[in-house]
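Enquirer: Each chain, letter by letter, is given below.
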Amino acid sequence: MMGFMATAEVEAEIPQISHEELARRIADPSLLVVDVLAPESFQNGHLPGAINLPLADLPQLAPQLVPNRSQEIAVYCGSPT
Amino acid sequence: MRLLNGLGYANVRHYRGGLAGWQEAGGAIEAEGVEETEIVPLLSGPPESEPVVPVVRTSHRATARTPWAVRALDAFGDRSVGQLLSLWLGVVLTCGLLYWLADVSLLNDLRQGGAPVGHGWRDFLTAEYFSFVTATSVGFGDVVPTGLSRVLAVVEAMAGLVIFGSLISKFVSRRQDRIIAEIHQTTVEEGLARVRTNLHLVFTELQNIETSCEQRGWPAERMLIRVESAALVLVGELRIVRGLLYRPRQLPQETDLEGILVGVTLALQQLIDLLGNVPAGAARPQRLEVNLTTMAALARDICGECVPRAYEPHMVEWMDRIQGLAGRLTAA
Chain A
0 MMGFMATAEV
10 EAEIPQISHE
20 ELARRIADPS
30 LLVVDVLAPE
40 SFQNGHLPGA
50 INLPLADLPQ
60 LAPQLVPNRS
70 QEIAVYCGSP
80 T
Chain B
0 MRLLNGLGYA
10 NVRHYRGGLA
20 GWQEAGGAIE
30 AEGVEETEIV
40 PLLSGPPESE
50 PVVPVVRTSH
60 RATARTPWAV
70 RALDAFGDRS
80 VGQLLSLWLG
90 VVLTCGLLYW
100 LADVSLLNDL
110 RQGGAPVGHG
120 WRDFLTAEYF
130 SFVTATSVGF
140 GDVVPTGLSR
150 VLAVVEAMAG
160 LVIFGSLISK
170 FVSRRQDRII
180 AEIHQTTVEE
190 GLARVRTNLH
200 LVFTELQNIE
210 TSCEQRGWPA
220 ERMLIRVESA
230 ALVLVGELRI
240 VRGLLYRPRQ
250 LPQETDLEGI
260 LVGVTLALQQ
270 LIDLLGNVPA
280 GAARPQRLEV
290 NLTTMAALAR
300 DICGECVPRA
310 YEPHMVEWMD
320 RIQGLAGRLT
330 AA
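As they're listed, the protein sequences go chains A and B. Be aware that the first sequence starts at 0, since it is given in numbering that gives the first Met the number 0, and climbs by one per residue. Be aware that the second sequence starts at 0, since it is given in numbering that gives the first Met the number 0, and climbs by one per residue.
No wet-lab data here; the hints were simulated from the structure. All figures in this text were calculated on a predicted structure; none of them were measured in a lab. Glycine included, each C-beta is placed from N, C-alpha and C at the ideal position. A couple of the hints might just be wrong.
What the hints assert, rightly or not - Facing chain A, from chain B, some residues (calculated, C-beta under 10 Å):
no., residue
1, L3
2, H13
3, G17
4, L18
5, T210
Unchecked claim - Coverage of chain A stretches by chain B, computed from C-beta distances (three or more under 8 Å per stretch; other residues unrestricted):
no., stretch
6, 16-22
7, 43-49
8, 56-69
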């Protein structure tokens, strides 16, 4: 119940990217695809062209790997949310 | 996602399907090995504040820069003990056969006591015997090669040594690996037990504070100081729990993990209740506010959907409850 409330809150704040748009623009260099899963999971498989920013290291890694703060980013985790 | 927004990235969108949704919809998946070329487009953007630090990526595959000899040895090292043993036996038996065939083809290369070894099945065994003596680098010298067999003997002796050496090192490292794994497991188990104890201590401390306030009528300031110190411990433990979930060096047992998640839930719940009892006028110490924000951020990461491994449904439920409490923590 509380988990549901928290998820609803997140949904209201974060804009979504649809599967169609992502599939269409997956090779588009202006869209950066970010995998927030653990490195082990990333090595096993990730979306084409995605970079790995594990949630645990995100605050340190993100400024190094993505210096441009206005970079268009699509984020995904493991299972459908 | 919110974390990225917090870091100043304005143009972030969330792909809700996740890795699983992408695959289900028939999207292609890339595996390890091509990351290095992929970072290039990102760095083309203008750096705003921090200088770009090149990130060293370790790859399991040997790259072109590795010397060929090391790569060849690595190739042996990657084989199992059984594979290496069969390879060695294969090399030795094949060479024995080749010596014998060289004899049969009338080259008469192998000599025993000065006389050529014959073509019969006993002579085949002699050839195999010579092959073993050569490969183990014993070299009794009762059977000697001449002519082309010498070349084969040199090659066989070298190959035999390398393969046998890899085999021996494999045995030694297996023992070491087992000992290291044992030490590691003990450390991890102790760590898990400590996290559980600390979570319990935080929970009882928060309960004590609550009863002290109700029964002895402590002023809010005094209560908040004690809450602050408990919150400090809780932040540390949450950090460890998050590390367990996202960077597992070893899978925690589900029962251990569940105990920890229950502990986190109870402590957070108690903390929220306690903060709800603080009179509205009382000013919270600044450090407590900082700790609460950190705590909420850490707890928000413990969400069943984003944790990479598949856990039992009831584990995911606990994680989602923790995430829900995190939302209330910042609201409280």
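Enquirer: Please go over all the hints and tell whether each is borne out by the structure.
Expert: Evaluated hints:
{"no.": "1", "hint": "L3", "in the structure": "7 Å, holds"}
{"no.": "2", "hint": "H13", "in the structure": "5 Å, holds"}
{"no.": "3", "hint": "G17", "in the structure": "5 Å, holds"}
{"no.": "4", "hint": "L18", "in the structure": "6 Å, holds"}
{"no.": "5", "hint": "T210", "in the structure": "26 Å, violated"}
{"no.": "6", "hint": "16-22", "in the structure": "holds (count 4)"}
{"no.": "7", "hint": "43-49", "in the structure": "holds (count 7)"}
{"no.": "8", "hint": "56-69", "in the structure": "holds (count 12)"}
In this structure, the one hint that does not hold is number 5.
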